[in-house]
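Heads up: the protein sequence lines correspond to chains A and B, in order.
Converting from the first sequence to the numbering used here requires adding 893 to each position, the first position being numbered 1.
Converting from the second sequence to the numbering used here requires adding 3 to each position, the first position being numbered 1.
There's no promise every hint is true.
With a Cα cut of at most 25 Å, we get these calculated DSS-like pairs of lysine-lysine [unchecked claim]:
(1) B/125 to A/1001
(2) A/1214 to A/1141
(3) B/149 to A/1001
The set of hints was computed from the structure by calculation and includes no laboratory data.
Computed from a predicted structure; not experimentally measured.
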Amino acid sequence: MREITLSQAVNEALAEEMRRDPTTFIMGEDVAEAGTPFKVLSGLVEEFGTDRVIDTPIAEPGFMGMAVGAAMTGARPIVDLMFGDFIFLIMDQLCNQAAKTHYMSGGKLNVPLVLRTNLGATRRSAAQHSQSLQALVAHIPGLKVAMPSSAYEAKGLMKTAIRDNNPVVIFEDKLMYQDKAPVPEEEYLIPFGVANVKREGSDITLIATSSMVQVAEKAAEMLAAEGISAEVIDPRTIVPLDEEALLKSVRKTSRAIVIDEGHQSYGVTAEIASRLNEKAFYHLDAPVLRMGAMDVPVPFSPALEDITVPTPEGVAENARKLCAGEMIHAA
Amino acid sequence: MPDTANSDTNLPYALRAYSREDLVGALRKMFLIRKFEEGAEDSYTRGLIHGTMHLSIGQEASAVGSCMSLTDADKITSTHRGHGHCVAKNADLGRMFAEFFGKETGYCRGRGGSMHIADVEKGNLGANGIVGGGLPIAVGAALTAKRLGTGAVTICFFGDGANNEGAFHEALNMASVWKLPVVFVCENNKYGMSTSIERSTSVKNIADRAVAYSMPGVTVDGNDFSAVTEAVDAAVARARAGEGPSLVENLTYRWRGHSKSDRNRYRTKEEIAEWMERDPIRRMADLLVSHDILSEAEVGALEAETEQEIRDAIAFANQSPAPLIEDATRFVYTEEMA
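Looking at chain B on its own, in the form it has when it is part of the complex:
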């Protein structure tokens, strides 16, 4: 558990649990995610990024809030909508952009792209292009932690779409049977591509499924940084204490479509506007301003600073070299490592 910075129980959890520096750092990461996604979208429009991408604009509190009590030794597994998780786990923005641009300086030397960024040094075991693919992998990482006694906790991010995959059920069951140090964080943004949770899922809340696996399950406002942090920190502490897994459901919303092919025909303008009113970044900034942690002017300066960081990161990616053609089959097997 994080150090208690303030013991006034009337304060929101995050303000009690974290220092000013931590909280400003969290807001900064949320800005970075937003600006990163906007920068990626802009680069795509300019033809600098190929393929597709899955933007997490609107979900920043879930990514950053969930990772607050993790160290670099702790692991995460991520999803196709994973850029925010990378930033939350302290990834370098230049290397992220370089990966998007398919450059040798990217996190995966351009072999992975937007859907597969892994940052081993920071404990990010990688995003995944298969819905639900990361769930058993996270449980396996937790098994290593338990077997080898590393003390590491794994956070497994997944979306609402993954909760109907068999892998979800197998992973939660085994994590519970063996009391493994893993926290399942569902980012429920209401739609698996175009299919709503109401049309796809038999339970009202995905966290309701936790009871079937004898683990705590909680549903929180995923756009409320403090609520996310409070729920996930408790689950991480439980995992670290050897008490087993938990399921936390962050209710959130993606402002953009599922991917670049999405024409948004399955949801109304009103619904999108309503969720944009609940902007997690604005809410976090308001929280910090109303408690005199930052002034509005400082929030504005922080935002401007992150914009500059993104410009620098894009410039780095742009100037980086492409992989060598003769290296196309390098890294299929480990023997070919340099």
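Extracted from the complex, chain A is given alone in its bound form:
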């Protein structure tokens, strides 16, 4: 199978869906000729024109709100938010408007929009361009949240997101845009709420999102060399969450670490760990461990930044302790 980058996969998904559905359009900052700072959208304005690949002023709350209004009236906007950190700017339109409109209207108004944005530290971009804020939006009923872990997921989840009648937030990892993965030439969609078992194992379950899937897979390889069999599961969407798949794995392995690049406190890892505790407690041989980003604004200095996010070594170390029955205290 051919291999393409995550960036190309997103670009293909957008182009295919925009060809398929004339009500779709992209709006955001520097999306047309510039194709975004990450060049993910390169070439789309040439094919679809500036009517459908719309450069906006720097006015995030304004264009996010416009997307809500456009979605309510028959269009399917795809909003490009240049950095995930800018979500704080659009919170009212995303969480008070987009997320609640269908419910508050008793099901009469739909808001079929996609918010494309990103996450991820270690790009030396400091605290306002490095956050992973998926927990913030996953907390709000009415939004769906997808977290692709490779080019394959990025394409399949994006196509599903665009066809979904609800507001969907997709977080792409900034560091993965040039990562290649096998992606079929033929059309495919990845349904929401269906986890993917990336690697089977029997001693411990590593549940990981987005780029943390790579971290978990590397940890699993290290552990395999030591005779510990780790299962790696990627939920792919955290809302809806494929709780059954996670529970099934944990009931089998009886140990779990949940890894996500958002801050550890009150985060995605906390939510998933809590569900496992509630629903698989008697199957567990050890506490479910959370591994998120350190609870600190992301530091600029590489010396500091690299220690704020989960690493394969850190995951493997914690897995060893859990499998050895050692009590683990959070870092």
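With chain A's structure known, arrange chain B on it following the hints.
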């Protein structure tokens, strides 16, 4: 633009532009709004409505006059003080009351309440509990209209309080940059809750802000039905012709407090009395009577008729069933639609 019913240029605009039937219909809607608000207030006092509400008594000409040239295909976005906009856009009163009463038969099946009535069939995209929240949404609806070529115009209602929100400035700028078919109608009732426009806003008239976004801006007596209609109709026509957005400021006044918690400490009895003298409904009735469109007796009959409609609407709401408890999470996502 509406058909010219009478070409005598000495007549007020509304009498030139609209037929007798349209004008009587407008007065009727203004009565309905007034009686609706009074009925809502009464129901609240009786404990039939919970929470709070924001009454638009005194602002009826702004709501009805602004919507005169709209069709059901045209959209509006509304505000927390939005009951009048719903009526102006032809909402069913029974379903409105049912929504207030939290009943399944309400416009939003009781999920939205007073601050969130949406009436999709009539082009009402919904009221909004966030000040300024509807401004970018209206611009987005106008973007759809332009992109998909629907020909629809969107009227974005907002209050004076919203003019200091960032969303206002972002929305007007983008509407102007892309020449979108939207009309921004500011209902300036002088106070954002208790804070007066003088204390909150750097320009004398909110319409003065239009110049910063290269669009026409006009301030009118918002209690003068004909003046409102003249200004908004021109703006709607401009939007429909593809010439872009406008800002119309209707100077008006709410007779009641901001919401049920308001103790009216920030304004004088004299000021309220003075504005009640400028009652938009009385002025509209006088206009129609003085031009022999209606007699005083017919105005009285019209008012009585609307009172009966409100009683019927309240009875419908009262008798309607509450939502089912097992449906509490229905409509969070579209898949759960029946």
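Verification of the supplied hints:
Pair hint residue 125 of chain B plus residue 1001 of chain A holds up; C-alpha atoms about 12 Å apart against a cutoff of 25 Å. At roughly 22 Å between alpha-carbon atoms, residue 1214 of chain A and residue 1141 of chain A fall within 25 Å of each other, so this suggested pair holds. Note on residue 149 of chain B and residue 1001 of chain A: the hinted pairing holds, with a Cα-Cα distance of about 23 Å set against a maximum of 25 Å.
Figure legend: structure checked against the earlier numbered hints; every hint is met.
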